[in-house]
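Enquirer: Here are the chains, one letter per residue:
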Amino acid sequence: MITYVIRRLIWAIPFLFAASLVAFALITLPPGDYVTTMAQTLAESGDQVDQARLAALRARYGLDQPLIVQYFMWIGGVLQGDFGMSFEWNQPVADLIWERLGLSFILEFSTLIFAWGVALPIGVYSAVRKYSVGDYVASVLGFLGLALPNFLIALVLMYIAVVHFGTDVTGLFSPQYRDAPWSWAKFTNLLAHLWIPVIILGTSTTASLIRIMRANLLDELSKPYVVTARAKGLSEWKLILKYPVRLALNPFVSTIGWAFPQLISGAVITAYVLSLPTAGPLMLQALLAQDMYLAGAFILLLCCFSIVGMLISDILLALVDPRIRFR
Amino acid sequence: MNTLVDPRAIAMNPDAQASQWKLTWRAFRKHKLALASLVIVVLFYLIGAFAEFVAPFDPESTSSRNIYHPPQGIHLIDWGEDGSWAIRPYVQGMTIKRDPISLSATYEPDPNRKIYLSLFGQGQPYTMWGLIQSDRHLLTSADLDEAFFLLGTDRLGRDVLSRTIHGARISMSIGLMGVTLSLLIGVFLGGVSGYYGGTIDMVVQRVVELILSLPTIPIWLGLSAALPQDWSPLTRYFAITVILSLVGWTELARVVRGRFLSLRMEDFVIAARLDGGSQGRVIFRHMLPSMASHIIASVTLAIPAMIIAETALSFIGLGLTPPIISWGVLLKEAQNIRSIAQAPWLFAPGVAVCIAVLAFNFLGDGLRDAADPYTNERH
Numbered sequence: 001m002i003t004y005v006i007r008r009l010i011w012a013i014p015f016l017f018a019a020s021l022v023a024f025a026l027i028t029l030p031p032g033d034y035v036t037t038m039a040q041t042l043a044e045s046g047d048q049v050d051q052a053r054l055a056a057l058r059a060r061y062g063l064d065q066p067l068i069v070q071y072f073m074w075i076g077g078v079l080q081g082d083f084g085m086s087f088e089w090n091q092p093v094a095d096l097i098w099e100r101l102g103l104s105f106i107l108e109f110s111t112l113i114f115a116w117g118v119a120l121p122i123g124v125y126s127a128v129r130k131y132s133v134g135d136y137v138a139s140v141l142g143f144l145g146l147a148l149p150n151f152l153i154a155l156v157l158m159y160i161a162v163v164h165f166g167t168d169v170t171g172l173f174s175p176q177y178r179d180a181p182w183s184w185a186k187f188t189n190l191l192a193h194l195w196i197p198v199i200i201l202g203t204s205t206t207a208s209l210i211r212i213m214r215a216n217l218l219d220e221l222s223k224p225y226v227v228t229a230r231a232k233g234l235s236e237w238k239l240i241l242k243y244p245v246r247l248a249l250n251p252f253v254s255t256i257g258w259a260f261p262q263l264i265s266g267a268v269i270t271a272y273v274l275s276l277p278t279a280g281p282l283m284l285q286a287l288l289a290q291d292m293y294l295a296g297a298f299i300l301l302l303c304c305f306s307i308v309g310m311l312i313s314d315i316l317l318a319l320v321d322p323r324i325r326f327r
Numbered sequence: 001m002n003t004l005v006d007p008r009a010i011a012m013n014p015d016a017q018a019s020q021w022k023l024t025w026r027a028f029r030k031h032k033l034a035l036a037s038l039v040i041v042v043l044f045y046l047i048g049a050f051a052e053f054v055a056p057f058d059p060e061s062t063s064s065r066n067i068y069h070p071p072q073g074i075h076l077i078d079w080g081e082d083g084s085w086a087i088r089p090y091v092q093g094m095t096i097k098r099d100p101i102s103l104s105a106t107y108e109p110d111p112n113r114k115i116y117l118s119l120f121g122q123g124q125p126y127t128m129w130g131l132i133q134s135d136r137h138l139l140t141s142a143d144l145d146e147a148f149f150l151l152g153t154d155r156l157g158r159d160v161l162s163r164t165i166h167g168a169r170i171s172m173s174i175g176l177m178g179v180t181l182s183l184l185i186g187v188f189l190g191g192v193s194g195y196y197g198g199t200i201d202m203v204v205q206r207v208v209e210l211i212l213s214l215p216t217i218p219i220w221l222g223l224s225a226a227l228p229q230d231w232s233p234l235t236r237y238f239a240i241t242v243i244l245s246l247v248g249w250t251e252l253a254r255v256v257r258g259r260f261l262s263l264r265m266e267d268f269v270i271a272a273r274l275d276g277g278s279q280g281r282v283i284f285r286h287m288l289p290s291m292a293s294h295i296i297a298s299v300t301l302a303i304p305a306m307i308i309a310e311t312a313l314s315f316i317g318l319g320l321t322p323p324i325i326s327w328g329v330l331l332k333e334a335q336n337i338r339s340i341a342q343a344p345w346l347f348a349p350g351v352a353v354c355i356a357v358l359a360f361n362f363l364g365d366g367l368r369d370a371a372d373p374y375t376n377e378r379h
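Chains as they are written, first to last, in full-length UniProt numbering: chain H, 1 to 327; chain B, 1 to 379.
Source of the hints: derived by calculation from the structure; they are not laboratory data.
Worth double-checking, as some hints may not be accurate.
Stated by the list, open to error - List time: in silico DMTMM-like cross-link candidates among lysine to aspartate or glutamate, alpha-carbon distance up to 25 Å:
#1 B:Lys30 / H:Asp135
#2 B:Lys32 / H:Glu99
#3 B:Lys30 / B:Asp365
Unchecked claim - To spell it out: a stretch of chain B is covered by chain H in this simulated footprint if at least three of its residues, at any positions, have a beta carbon under 8 Å from a beta carbon of chain H; those stretches are:
#4 305-312
#5 349-360
Glycine included, C-beta positions come from ideal geometry on N, C-alpha and C.
Here chain B stands alone, though its shape is the one from the complex (with noise of 0.2 Å):
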């Protein structure tokens, strides 16, 4: 049997037990801020992921009557006829009126006509990772012939809530890949400049400032509009990422080299040296675990950065072209001026960048503050 430890005992007395994960693990725990914000950050990768069982609808399903549907609101209680009530979410069917003269649609809601929805009911049939395939969704009609559309439809009649839920699979993803390479670059030069120092360091440290002082659009845009036009999607997707973080690893490199430069020095490193560790050894088992921390924080906020990118340049035609459904590629639809007045609710995947890029700040200065276990005890 087990004995239990009283948690109080802990929380009153942090010894030297807690690991230094435990410790930053602790003080994230007190910005309540980051911590939701790492739960959206969470729930928008798992969204993601599944995108196809979450999406209620396949995202290049067009429909010639449904164009420019505006949103349904869902209505959780069901009042009968009679005053009766029941728990049976639904929406409000609508039914499309043409003005004779300009033969523009309207639709306006029909008060007998109600779409009952169902909780992973079947619906359209997808194969999601090109693996798994099923038909049942997150959210669907009780009745297959009937379409809602909770964030209204494009100009084709495609579903804009699961052409965003789609989004966010490749905008969160091409966040997070760019990110990991600009990381294997950063942490590379950064390190070989803060350890070795002298001439590499110099010659390193300038190219970093010549990239910092390049203004990083005109040359994303430049690059990717050399991109061959005859590329496949995909392909085009890794150019992308490679584009953005052959730009973007500068930071990193400035982190990592800081931290490199600071830690040269200190006692255990020394120690680790003289004990007649290799440098391979001094570097990745003493030296890269002590700042792994800061690492992490600034990954977290460099991500923010490359869904912004990304979204700009498919916005402007230059980085992800339509199959792809990425948060950039929809605002392209919300581009002239004549389709957000007629349908504002294209702007949803611009909300969902902003949530997105939100989430990830707050989250990356949560664990900003929260690297520093030690020196944050002293506040």
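Bound-form chain H, shown alone (with noise of 0.2 Å):
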């Protein structure tokens, strides 16, 4: 087991490596860079454009040599948690980011726990009452979750909320919490707002995880071993839970691995629309005004966070099902 933790890590490390040059290459990519940006803006309100200074910021931030050596200061800097300067906000990435990141983690893994949490009791209802009135229900709404977009299903309980309810949906924070540090009462402020992102972002992916469920599970239902169990008078539910779940579950828990890429894909936008404090809309604002190294950050950033979520997955898929940790 110890082994193939580690050699899973090992195989991280290549696919970190070039998330960071996917990163960096979106940095490099609009035309100019960060000093030409920042004489621009300053030119544009009239201050005076100090060469030399310029000059000195493209020398500090590399930004005058090849683009290989700009890459390693880049990412050497990163690794010692300096991001480089926001333009925007005049202030170094690093203490922009955390905060909302944090944010951004609370918010997707409520969300997995939530889909797994949905899916997976309705996912065996479906396939031990097959073709059942019940299952045909959660069919047609499994349906709707995967064809909706998760910014629409926002737009539309936005709506709902205003229009019936007076109420707004948006943020996740009440006024009085917005700055406040944080508190046991700013926590459960939190909770009590997060249920709707939660439930928002989780429909496409507890859709699609009742489908795999059923699915798995109908495929296990026909086989002897639980023709056998029954024959031998285990009680129903028992048989059932204990064997083919256990069994349909593996299926299940890979589908972290591509789960988590598409939550934090789906928070950006649904974030944007709910004005939630999360990564998405900084990340979005900032490609919005070319604040590269901030922009290059967040992405940086969530695809570590997604790298890391299927390393996770295979982890423990090789916990559950032993056949993989000895391949």
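Grab the two chains, each in its own frame, and use the hints to assemble them into the complex.
Expert: Below, the structure is given as structure tokens:
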């Protein structure tokens, strides 16, 4: 088991490296660099542009160096926790991102738990009571959940909340907690707001998990060992929960691997619509303003999130299924 | 004179005469939902292709008198004052009322004003596909000066129905184009990977895994934010298509690779190779046709993802931008809570997205089940 984990950890390194290349490529893609953009803004606001200062800035960030050197300067900084300066906020990027990434992580993790918690019982029910009314209802809801884009659900919910209930469902905190330091009250306030984005974000993942669970369990239910167990007089629910469900759970665990990147993706746009204080909206703002160090840091860290998610899913899978460990 | 074959004889006897396409079609026809979805998808593409004709108005024509005009329902039967009636579709005219204090406008139906509609009537002139000049529309008002808004208007008084119809052209075609591009990349890389195996397979598979493990939307956003702002709308449209397919090809590559791997050792492929068929001939003449139905099914399931991606990108302002009209660009109007509270009909393009995506999903599911007519016979 330990060797498997170590092997998997080593495998993750080239992936992380590739992710950093992608993020760096995205930083350098837009025409012009950080200092040109800054000089432009200064000139627009009528300030004197000091060429010597610009040159000093260029030298500091290595912008006069070839791209490969720039990459190593950037990634070297990142490894020491220095993500560069945010040009729009005039602050180090590192000061801006951590709280938002933390909230993003809480949102995505809660959504995953929600999706599992809902999909598991519904999936088992639909498979065991195949073609019952409940199964059809679950299938229809599942299809809708897959087809509706997250941001549309968010918009419709916002509309219903404002028009019919007169409340505002945006944000993650009530106004009095927005800038307050962390406390128990702030945390409960977060939980009171969190469930709406969790449901919105979780619909498509839950829908596909239900379909996977149903299909897997249906495959297992028709196998001879189930008939044998039933013939031996095991009670129906005990039998189903103990054997076929446990086997059907295998691919279920591996879904974290693909569900996590999808959740991170979906969260960006949902958070934008609901104006949540998570990573997505700030990243968007940074991209629109071409504040590339800030945007690059977000892209890099979100990619790392999802690679780590895959890693965890692989390790969990090996824990559940001994065959994988010894492959 | 042709001799007619009794159709029952064919149905009862699925003999070796039927080609694979015939068998696939036969299996597909059993899925009523997939069949209905096929009709909807074709209808959407037709609407998109003939948008100028189907839309009652020019999508760009603004009207300051009709800002946030609510939708008007069509009445089919026209009751006269004296109780007589005729089938003559019309919509109820609306008059604007301005609140003296808040100055906000409200529209109220005006029972005395009936705007009669006519099929294939003359309306605003247009040039379709830059070629055909006409002023005939599917549905127009009988009186040219009267406008009617079946789905209401937006903040500039533009007809939401006409704009949604024009949006279908861009949104539906970007899905198709993006998938075509991903298909080319996917078939090439997946094919090479599955056919040759070995090191190439290893490298391609690692790249696919990497792309699958990255969150797509941040990458898409980063790429489209890097597009130069001064590009023309058309260039931007193609660039967005390329960006969508650069990330979206992985699923297709996996399908193609899997099929190549399983077909590589099939008897007919080995026979073709032993017969001295060149590599190209083995791949294009023997292997690709036998996986075509699988590829079509995966492509159909990939299109809705593309449509949603385009909608999402345009919705947050990093995809297509006006003057291009796509469903995402239209939904951008419905972004702030004030405008959707005032004009919920701005959701209309969203409903169109949902119908299109659902139809493609059902169609793709049906195709996937039908793609293997031989294994299906067993069930």
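Enquirer: Each hint needs a verdict: does it hold in this structure or not?
Expert: Evaluation of the provided hints:
1. B:Lys30 / H:Asp135: holds, 21 Å
2. B:Lys32 / H:Glu99: violated, 51 Å
3. B:Lys30 / B:Asp365: Holds, at roughly 12 Å.
4. 305-312: Answer holds; 3 residues pass the 8 Å Cβ test.
5. 349-360: Since three or more residues must qualify, the claim that chain H covers the region 349-360 of chain B holds, with 5 doing so at under 8 Å.
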